[in-house]
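S.K.: Using the sequences provided together with the hints, build the complete structure.
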Amino acid sequence: MGKIIGIDLGTTNSCVAVLDDRGTPKVLSDSTGERTTPSIAAWTPEGVLVGHAARRQAVTNPQHTIFGTKRLIGRKVNADEVSWFARSVPFRIVAAPNGDAWVRVRNEIRSPQEVSSHIMARMRRIAETSLGEPVTQAVVTVPAYFDDAQRQATRDSGSIAGLDVVRILNEPTAAALAYGAHRVKEGRRVIGVFDLGGGTFDVSIMSVEDGIFEVFATNGDTALGGDDWDRRVIEKLADEIFDEHRVDVCGIPVALGRLKEAAEKAKRDLTHQNETIIRLPYLAPTEAGSDQVHIERTITRDEFGDATADLIDRLRIPCERALKDAALAPGEIEEVLLVGGMSRSPAVQQMVEQIFETKPSKGANPDEIVACGAAAQGGILAGELDDAALLDVAAHSIGIRVGDSAFSTIIPRNSMLPARTRKLFATTMDNQKFVQIDIYQGEESDIRANRKLGEIRLEELPSGKKGEVKIELSITANVESILEVRARELKTGKETRVRLAPSGGLSPEEIQHIIERRRREENTDDGAQGSD
Amino acid sequence: MAAAPIRIKLRCKSWAQLKAIYERDLSRSAVFLKASTPPPLGTKVTIDLTLPSGSLIVLNGSVTDHVGAGGLQGRGPGVDIGLGTVPQSAMWLIETALRSAKDKPGPGPHSAGPTQASMEDGAEVINAEDDLIAALKQEFESARRLNPFQVLNCEYNATDPQVRAAFGELTRKYHPDRFARFQSQEARQYASEIFILIRDAYRKLGTETARQQTLQVLQNKPTPTRGTRKAAEAKPSATPARSLGDVRGGPAAAPAFTPRAPSKRAADAEGSQPIDLGGSPGSGGGLAAAEALLAAGEYDNAMRAYQLAARKDPGDRNAKAGIELVEGLRALTVRDRLEAAQRFEAVLELDPNNERAARELAEMRRIATNERKGLLGRLLGKKE
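Chains W and L, in that order, are what the protein sequence lines are. Just so you know, we're using this note's numbering here: the first sequence kicks off at 1 and counts up by one. Just so you know, we're using this note's numbering here: the second sequence kicks off at 1001 and counts up by one.
Calculated from the structure, these hints are not laboratory results. Note that this is a predicted model, so its numbers are computed, not measured. A virtual CB, placed ideally from N, CA and C, is assigned to each residue, including glycine. Hints are not guaranteed to be accurate.
[Unchecked claim] Label pairs and their in silico Cβ distance ranges: (1) W/Ser361 / L/Val1334: 51 to 61 Å; (2) W/Arg188 / L/Gln1212: 18 to 28 Å; (3) L/Arg1028 / W/Arg520: 16 to 26 Å; (4) L/Arg1028 / W/His513: 15 to 25 Å; (5) L/Lys1044 / W/Val498: 54 to 64 Å; (6) W/Lys470 / L/Arg1359: 27 to 37 Å.
[Claimed, not checked] Using 27 Å as the maximum straight-line C-alpha spacing, the simulated DSS-like pairs for lysine-lysine come out as follows: (7) W/Lys470 / W/Lys452; (8) W/Lys470 / W/Lys494; (9) L/Lys1009 / L/Lys1173; (10) W/Lys26 / L/Lys1102; (11) W/Lys491 / W/Lys466; (12) W/Lys470 / W/Lys491; (13) L/Lys1221 / W/Lys491; (14) W/Lys423 / L/Lys1137; (15) L/Lys1320 / W/Lys494; (16) W/Lys466 / W/Lys423; (17) W/Lys423 / W/Lys470; (18) L/Lys1221 / W/Lys423; (19) L/Lys1102 / L/Lys1221; (20) L/Lys1013 / L/Lys1102; (21) W/Lys423 / W/Lys465; (22) L/Lys1221 / W/Lys470; (23) L/Lys1102 / W/Lys491; (24) W/Lys26 / L/Lys1013; (25) W/Lys433 / W/Lys470; (26) W/Lys466 / W/Lys494; (27) W/Lys433 / W/Lys423; (28) W/Lys423 / W/Lys452; (29) W/Lys494 / W/Lys423; (30) W/Lys26 / W/Lys76.
[Said to hold, decoys possible] Short, incomplete list of chain L residues facing chain W, as computed with Cβ under 7 Å: (31) Leu1051; (32) Gln1088; (33) Ala1097; (34) Thr1171; (35) Arg1172; (36) Ala1180; (37) Arg1181; (38) Ser1192; (39) Arg1199.
M.R.: In structure tokens, the structure reads:
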């Protein structure tokens, strides 16, 4: 049987790994020896560029160089996070007919799924080149806090890349799996995984014992990541430039692209030095157009810290909620595993130590560990890793609408998956003909603030006084949180079943259309880029 | 016409073989299969096409043509299966994989002569899969009648680490991920159902507080044990205790019983004086003695004790259950599993709360499932 590869499809960088013959995850590097690939795809007159090549030409082609699609995938264009993101990127984010956030590239609108599929195809190609055989199956990771639309959209990206996505895996869980897989004999350990990536933040509390990985609780913020730290620097400098020169650099794609790159570099510098200089000569023409704006500015770690203090504060609440849900005190966490590039920041690490009252461990490579975990899960699914099993939880509560708009939880968040809950309901009217139950996902007591997943209808109920006809509702969430709902009238045994297949926003026809377009683009895309 | 479709498992061993199937067959929306006795035209056929990489593509079609010997460019005799629309994403999966196989050095598409696919392909896998499904189904039916302690196969006085270890062991066997590589939807479904019972039991036993509550619930059931034995006997043999489990499902509604720590019973038996079999009157005392003997592994003596009790009170269902239990255990010692399973089932008919029979039966079901799972795993082959 072929290998199931593990792909960490990150906001800024992606990574692919596979289990070697001894069952150890191994990161695969591209032809130039790079172990991670920037999650960037660029449309050029010569074709689509992916990864490092796309990044290198970003400054000269900012409007058609798409990055950060993970922040858009499976989301509506009017979501707050999307609006914030759209303000600081040099490419156009537009509304798809169904309201989803898409991008405009070379006068065509494209879904984030399609953009991501190019990165996914690249990861596949790296694996095929290293392994010397075709690869068709992958485990792909997503933030634990992704909802079902975001998960399905990620899965669809895989299909477009010609990959059979056999599992969508939560990133913090993947990290723990990679971390714990070779520590089987060390007894039981309760660990925290603190995963702060480019665009998302997840925290998970779990135990590792004898190959069994049991997640107790997961929490997070799908709209908080390293990019936000960059953006603070961008906004600060843009404001200063505006005050001094009356030039809005955010409106000039090329300038914004350069500013972004400089901000990213400054952030990285400040993790290991106390100050750094941002130099951006000829950034933009001045208001009069006669001269150029040149930037040379020193940023100190303290200044950077002040500008991002509120972001650091936002890390606290998800951690505390996860601890509370796991019914553990901070001191009971024996080790905190750091994942994601942004977890390298000293300020972040300090916060972690404060919350969990333990020094975070820096042993693992935060950029690679998630892909390694995905590869390990691939090994479990393929039957290669016999001793390990991963018990993940539902990241969001599942419930139904009662009355007008109240939310009644059926499967609480952080329930071990798979899970099933049954509940008994009675009719509310005499001779009620049918019953319709609306199913929602979320944590708010008002269902209007939660996401509707679907509904189930049971018709032709037997006649009877109100309260006499009883309906049993059973909701089963499988290991990937996909729901199967059954409603059964108890007297007659009449029932209906619905599988709530999540939609990632693309119809099968649209996916088909993109695949056909990719067939045409094939020669210019992955093929031409073997030498990146 | 409503007959189930013929199932065929086509496992491509090499990319060259897949290429041949793709070029000669899939591109014309059909599959040719060798067949010595071709099924009638119109017969529905489901083909599970497994790529060398392990991806599965399900093709549905029906027999459209009988090809005579030498027909279809010398490929006959056999049948041609006309396929409905093959999902485009599946074709795309094959195409991209073949393209990357073509680019690779090493055994090219023409080096390995593709073997002809035939009507009988994958028959042994299908049989093994059916066996596994049957075993899982039996195990599920048996496990849903167990209480949480029995489901996890741990004792009533188990500690946290013991419960966790028991749960871990079962998780390694039944977690849905363990069945992911078996393509049968049904097998995966049953495994998932069994695992839901396991995780529910773990939730009820995972902590000391939860265990105490669970024990309390189990003890407070209106139980037809000891004091109320006569009342239980008065009922018709199809006691409602079990059907309740079917209606409500879940271990909470499993048959009631009085928890007794099996280990303690064994200890009692070892430390006790020689038991006077004919002595104490009343079936209760006799049964207790028989149970102690059973726990100590003295089957012959236990059998005599149960028989004695049954003779004294021919209506004593528990004594009869005891006899069946001993027979079952004896059958197990000579590895007659079928006989043992039937005996244990009989015990549970007579005495739904019989701890030993429930546990023995559950263990046998687990073994049966695991053997079949192992067999199917070997047939599929972990690696090429």
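S.K.: Could you run down the list of hints and mark each one as holding or not?
M.R.: Hint by hint, here is what the structure shows:
1. For W/Ser361 and L/Val1334, the hinted distance range of 51 to 61 Å is satisfied, since their beta carbons lie about 55 Å from each other.
2. Distance hint for W/Arg188 and L/Gln1212: a CB-CB separation of about 22 Å, consistent with the stated range 18 to 28 Å.
3. About 23 Å separates the C-beta atoms of L/Arg1028 and W/Arg520, a value consistent with the hinted range of 16 to 26 Å.
4. For the pair L/Arg1028 and W/His513, the beta carbons lie near 24 Å from each other, so the given range of 15 to 25 Å is met.
5. Checking the proposed 54 to 64 Å range against L/Lys1044 and W/Val498 shows it is violated: the Cβ atoms sit about 26 Å from each other.
6. For W/Lys470 and L/Arg1359, the Cβ-Cβ distance of about 35 Å falls inside the hinted range of 27 to 37 Å, so the restraint holds.
7. Restraint check: the Cα-Cα separation between W/Lys470 and W/Lys452 comes to about 24 Å, which is no more than 27 Å; the hinted pair holds.
8. Between W/Lys470 and W/Lys494, the direct Cα distance comes to roughly 11 Å. Compliance with the 27 Å bound is thereby established for this hinted pair.
9. For the given pair, L/Lys1009 sits about 25 Å from L/Lys1173 by alpha-carbon distance, which is consistent with the 27 Å threshold.
10. Between W/Lys26 and L/Lys1102 the alpha-carbon distance is near 25 Å, which keeps this suggested pair within the 27 Å criterion.
11. Taking the CA atoms of W/Lys491 and W/Lys466, the gap is near 14 Å; set against the 27 Å cutoff, the hint holds.
12. For the proposed pair W/Lys470 and W/Lys491, the alpha carbon gap of about 8 Å is at most 27 Å, so the pair holds.
13. A hinted pair counts as satisfied when its Cα atoms are at most 27 Å apart, and L/Lys1221 with W/Lys491 qualifies at roughly 25 Å.
14. Only pairs whose Cα atoms come within 27 Å are accepted, and W/Lys423 paired with L/Lys1137 is accepted, the gap being roughly 25 Å.
15. Between L/Lys1320 and W/Lys494 the alpha-carbon distance is near 40 Å, which puts this suggested pair outside the 27 Å criterion.
16. As the CA atoms of W/Lys466 and W/Lys423 are separated by approximately 18 Å, the hinted pair is consistent with the 27 Å bound.
17. Restraint check: the Cα-Cα separation between W/Lys423 and W/Lys470 comes to about 10 Å, which is no more than 27 Å; the hinted pair holds.
18. Taking the CA atoms of L/Lys1221 and W/Lys423, the gap is about 21 Å. The hint holds against a cut of 27 Å.
19. A hinted pair counts as satisfied when its Cα atoms are at most 27 Å apart, and L/Lys1102 with L/Lys1221 does not qualify at roughly 67 Å.
20. The straight-line distance between the Cα atoms of L/Lys1013 and L/Lys1102 is roughly 16 Å, inside the 27 Å bound, and the hint therefore holds.
21. Distance hint between W/Lys423 and W/Lys465 is fulfilled; the C-alpha atoms sit about 20 Å from each other, no more than 27 Å.
22. Taken as a hint, the L/Lys1221 and W/Lys470 pair is honoured in the structure, with Cα atoms around 24 Å apart against an allowance of 27 Å.
23. Taking the CA atoms of L/Lys1102 and W/Lys491, the gap is about 61 Å. The hint is violated against a cut of 27 Å.
24. As the CA atoms of W/Lys26 and L/Lys1013 are separated by approximately 25 Å, the hinted pair is consistent with the 27 Å bound.
25. Between W/Lys433 and W/Lys470 the CA atoms are separated by roughly 13 Å; this keeps the pair inside 27 Å, and the hint holds.
26. Between the alpha carbons of W/Lys466 and W/Lys494 the distance comes to roughly 18 Å, so the proposed pair stays at or under 27 Å and holds.
27. Between W/Lys433 and W/Lys423, the direct Cα distance comes to roughly 20 Å. Compliance with the 27 Å bound is thereby established for this hinted pair.
28. Note on W/Lys423 and W/Lys452: the hinted pairing holds, with a Cα-Cα distance of about 19 Å set against a maximum of 27 Å.
29. Between W/Lys494 and W/Lys423 the CA atoms are separated by roughly 16 Å; this keeps the pair inside 27 Å, and the hint holds.
30. The hinted pair formed by W/Lys26 and W/Lys76 fails the criterion: a straight-line CA distance of about 36 Å is larger than 27 Å.
31. Interface restraint check for L/Leu1051: the shortest CB-CB distance to chain W comes to about 6 Å, inside 7 Å, so the restraint holds.
32. Hint on L/Gln1088 holds. Least Cβ distance to chain W is approximately 5 Å, under the 7 Å limit.
33. About 4 Å separates the beta-carbon of L/Ala1097 from the nearest beta-carbon of chain W, less than 7 Å, and the hint is met.
34. Annotation: interface hint on L/Thr1171 holds; nearest CB of chain W at approximately 5 Å, less than 7 Å.
35. For L/Arg1172, the interface hint holds, the least distance from its beta-carbon to any beta-carbon of chain W being 5 Å, beneath 7 Å.
36. For the restraint placing L/Ala1180 at the interface with chain W, the shortest Cβ-Cβ distance is roughly 4 Å, inside the 7 Å limit, so the hint holds.
37. With 7 Å as the threshold, the beta carbon of L/Arg1181 comes within range of chain W, its nearest partner Cβ sitting at about 5 Å, so the hint holds.
38. The restraint placing L/Ser1192 at the interface with chain W holds, with a minimum CB-CB distance near 6 Å, inside the 7 Å limit.
39. Taken as an interface hint, L/Arg1199 checks out: its beta carbon lies about 5 Å from the nearest beta carbon of chain W, inside 7 Å.
Checked against the numbered hints above, the structure violates hints 5, 15, 19, 23 and 30; every other hint is satisfied.
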